[in-house]
Amino acid sequence: MEGFKWEYAPAPEAKDHAKLKTQYDLFINGKFVKPNSKKYFDTHSPSTLEKLAEVAEANAKDVDSAVTAAKLAYDKVWKKMPAKERSKYIFRIARVMQERARELAVIESMDGGKPIRESRDFDVPTAANHFFYYAGWADKLDYAFPNKKPKSLGVAAQIIPWNFPLLMAAWKIAPALATGNTVVLKPAESTPLTALKLAEIIQDCDLPPGVVNIINGFGNTGAAMVAHPHVNKIAFTGSTDVGKIIQKAIAGTNKKITLELGGKAANIVFDDAPIDQAVEGIVNGIFFNQGHVCCAGSRLFVQENVAEVVIRKLKERMETLIVGDPLDKNTDIGAINSKEQLDKINSYLEIGRAEGLELFQTSGSIPSKGYYCKPTLFIGAAQSNRVVQEEIFGPVLTIQTFRTIEEVIEKANNIPYGLSAGVWTDKGSKIFNLTSKLRAGVIWANTYNKFDPTSPFGGYKESGFGREGGLHGLAPYLTF
Amino acid sequence: MDPFKSVIIDQVGIEERIARFNSRSIKKQSKIQGLKLALNMIDLTTLEGKDTEGKVIQLCQKALHVADNIPNLPTVAAVCVYPTHVATAKQILKNSGVKIASVATAFPSGNSSLQIKLEDTKIAVDNGADEIDMVISRGEFLEGNYNFVFDEINAVKNACGAARLKVILETGELSTLDNVRKASDIAIAAGADFIKTSTGKIQPAATMPVTLVMLLAIKDHYQKTGKMVGMKPAGGISTAKSALQYLVMLNETLGPKWMNNEWFRFGASSLANDIILQLGKEQQGAYYSKDYISID
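From first to last, the protein sequence lines are chains A and B.
1 is the number of the first residue of the first sequence in our numbering; add one for each residue after it.
1001 is the number of the first residue of the second sequence in our numbering; add one for each residue after it.
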């Protein structure tokens, strides 16, 4: 019997409620103002390729007025405000984000290409939760750090990446405000829209002008922010290369810094793991957000005696993933964020092929228009392959096998990165053994890619330093 | 396959997978296809102490005429009754294509001797049952007497003759998903044609996590042997929406080969009417009164 092939009809999320202006200015001192640069750049949808809006580009003068506004707001208003009043504003932002969750989710998927299922169920609610969580800390800092007399720093310059635009903005802004700092935030140039929507929300919440300033631009804008003398603290999430440039730039100053950089996480499956659930975790680990995740489980290590069955089950599971329109509620994997990123991923597919690795891609189709990449496996990979050593930042998983626990620990640590790792085993003792030996900031056991505002996040080695989230996420914005 | 080698199940992982199935949005044509398929997979069931000939006849009529006012509607898969009512059902259903399933083996507790269980099975088969729904001995299973459970299923299978055997694990009494997996493996190895979650007499009855664990057992068996085994969640599935969620899970776990009533059934009594209500809404664009839907 052939059976019945059940295709899911398109289920697109409506986008008529998502209000976008054709042109966005710089959000400085509580108002949208024209850029001194007089320049605007376009932001596109990576799925439909249509132009969504024009966004003002900030030059050094614009950066200066944003930082000046932040400094004034810090000195005149925010520093003096009782902490419980500060916390009310942060709560208010969280609530309005929840009220506008649908609109934020739709714009996030339009501008960034991620599936609506993720922006709706993960990005937006988690972003709101960060504001809720840190709002609660604002008037309790003396209890968070007893006898240490925590004090705010001043102006925080925050530069965020394109993979979780709104969530990263929340990760950065919420703890900075709770600890009494003011903010100049620069979203990534390919995904500026949800941060600008957040600027509108901040305006609606009557946050005192200048406490949060949101400006857009490219590398030069970020460099001007980092170099500005009135900036007291830099928080950067992005590539390791840029992280190194920033650190060089601030050498000799007393600016505080946190860096959350690249990763190439080991996801380790032992023969005593719950195999079907591990396969699900492998899928979530690498194909979540098209693999545009710094903590993605991009290096799979499977114990040799279960490798065959794990790889077979993984391939079968991948065949059920739906790649397509980010706004369709059934889409599992959306569009690659930009042409530049797609080219980079494709170049790594070539490198892997040239290295002689077995390549597996799913048989389903991908849309002819837009930037898409099929979920991909490189089977039979080794430590010496470039696709194993370098961060691809796409839906590409390398699979290596191992024989013993010592071997896999050594291989997992044999990489310049150290952001995250995953361990799959039914044995609790094995989990504790590994978590103490893996050099990674976050280690998940029998799950992957779990995030919570209460939980600190950050890296080892070239994955950066400093922690975001949780009580630990307050410290980088304070002096003691 | 060694049925006593445990496959490890992680409950949290199973629940996350279920959440993912339930986030699928089934609309328009795919919804109508799914609803019709679900209707066609129903084992319309009456298993009460107060069952009478009259009640069974009425249920069989319902099976033959689910909703004649809606064109191109499939029939249900089967009617499920106690062995003593099989003959009555046979009279009505005859050659209609609707199968007759009968519970047997001292349903629902299964606490009786093998001799009586085999006799119970024989009565149902002799009266014309196409399918036998047996219960496993949960007490023996929980005591660790897996060989006993295996042998009993195997003996009942032999007594079934041409009738297909559905093995009820009564997962609500097995407590853990690890146990559900182990019982599934034993039942499949002992010759089950179908594995089934529940009697409907114990809460919780069918749940999606339990059903997923059983589907994965079926999948592993198919991978190893090439032999298909059917799945029947029973009890507690009463809405069309929930039936569609089960079908999504089936579709993405076992795939098209299982997407028919030869290999998947819903044990339910009120599900059919909710499906009819939803199908009517899809066709007319609005809900109509439940008074238009027969209740037997």
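Don't read these hints as lab results, they were simulated from the structure.
Computed from a predicted model, the values in this text were never measured in an experiment.
Please note that a few of the clues may not be correct.
Below 27 Å or equal to it, Euclidean Cα-Cα: the simulated BS3-like pairs (lysine-lysine) are [said to hold, decoys possible]:
1. A:5 x A:151
2. B:1027 x A:374
3. A:5 x B:1201
4. B:1257 x A:427
5. A:148 x A:71
6. B:1219 x A:315
7. A:5 x B:1290
8. B:1036 x A:329
9. B:1241 x A:329
10. A:344 x A:51
11. B:1224 x A:315
12. A:5 x B:1122
13. B:1028 x A:15
14. A:329 x B:1224
15. A:369 x B:1028
16. B:1219 x A:15
17. A:5 x B:1028
18. B:1036 x A:5
19. B:1055 x A:329
20. B:1027 x A:15
21. A:315 x B:1257
22. A:39 x A:51
23. A:374 x B:1219
24. A:374 x B:1257
Verification of the supplied hints:
1. A:5 x A:151: Between residue 5 of chain A and residue 151 of chain A the Cα gap is close to 62 Å, so the pair fails against 27 Å, i.e. violated.
2. B:1027 x A:374: The given pair, whose Cα atoms are some 25 Å apart, holds under the 27 Å limit.
3. A:5 x B:1201: Violated. Residue 5 of chain A to residue 1201 of chain B sits at ~34 Å, over the 27 Å cutoff.
4. B:1257 x A:427: violated, 36 Å
5. A:148 x A:71: Answer holds: residue 148 of chain A to residue 71 of chain A is near 25 Å, not above 27 Å.
6. B:1219 x A:315: With a Cα-Cα distance of about 14 Å, the restraint between residue 1219 of chain B and residue 315 of chain A holds, given a limit of 27 Å.
7. A:5 x B:1290: violated, 32 Å
8. B:1036 x A:329: holds, 23 Å
9. B:1241 x A:329: Distance of about 16 Å is within 27 Å: holds.
10. A:344 x A:51: Between residue 344 of chain A and residue 51 of chain A the Cα gap is close to 22 Å, so the pair holds against 27 Å.
11. B:1224 x A:315: holds, 17 Å
12. A:5 x B:1122: Violated. Residue 5 of chain A to residue 1122 of chain B sits at ~38 Å, over the 27 Å cutoff.
13. B:1028 x A:15: holds, 19 Å
14. A:329 x B:1224: Since the Cα atoms of residue 329 of chain A and residue 1224 of chain B sit roughly 35 Å apart, the hinted pair is violated (cutoff 27 Å).
15. A:369 x B:1028: With a Cα-Cα distance of about 25 Å, the restraint between residue 369 of chain A and residue 1028 of chain B holds, given a limit of 27 Å.
16. B:1219 x A:15: violated, 40 Å
17. A:5 x B:1028: Roughly 16 Å between the alpha carbons, so the hint for residue 5 of chain A and residue 1028 of chain B holds.
18. B:1036 x A:5: holds, 14 Å
19. B:1055 x A:329: Roughly 44 Å separates the two Cα atoms, so the pair is violated.
20. B:1027 x A:15: holds, 18 Å
21. A:315 x B:1257: At roughly 18 Å apart (the allowed maximum being 27 Å), residue 1257 of chain B and residue 315 of chain A satisfy the hint.
22. A:39 x A:51: Given that 27 Å is the threshold and the Cα spacing comes to 16 Å, the pair holds.
23. A:374 x B:1219: Given that 27 Å is the threshold and the Cα spacing comes to 25 Å, the pair holds.
24. A:374 x B:1257: Satisfied, since the Cα-Cα distance of roughly 25 Å is no more than 27 Å.
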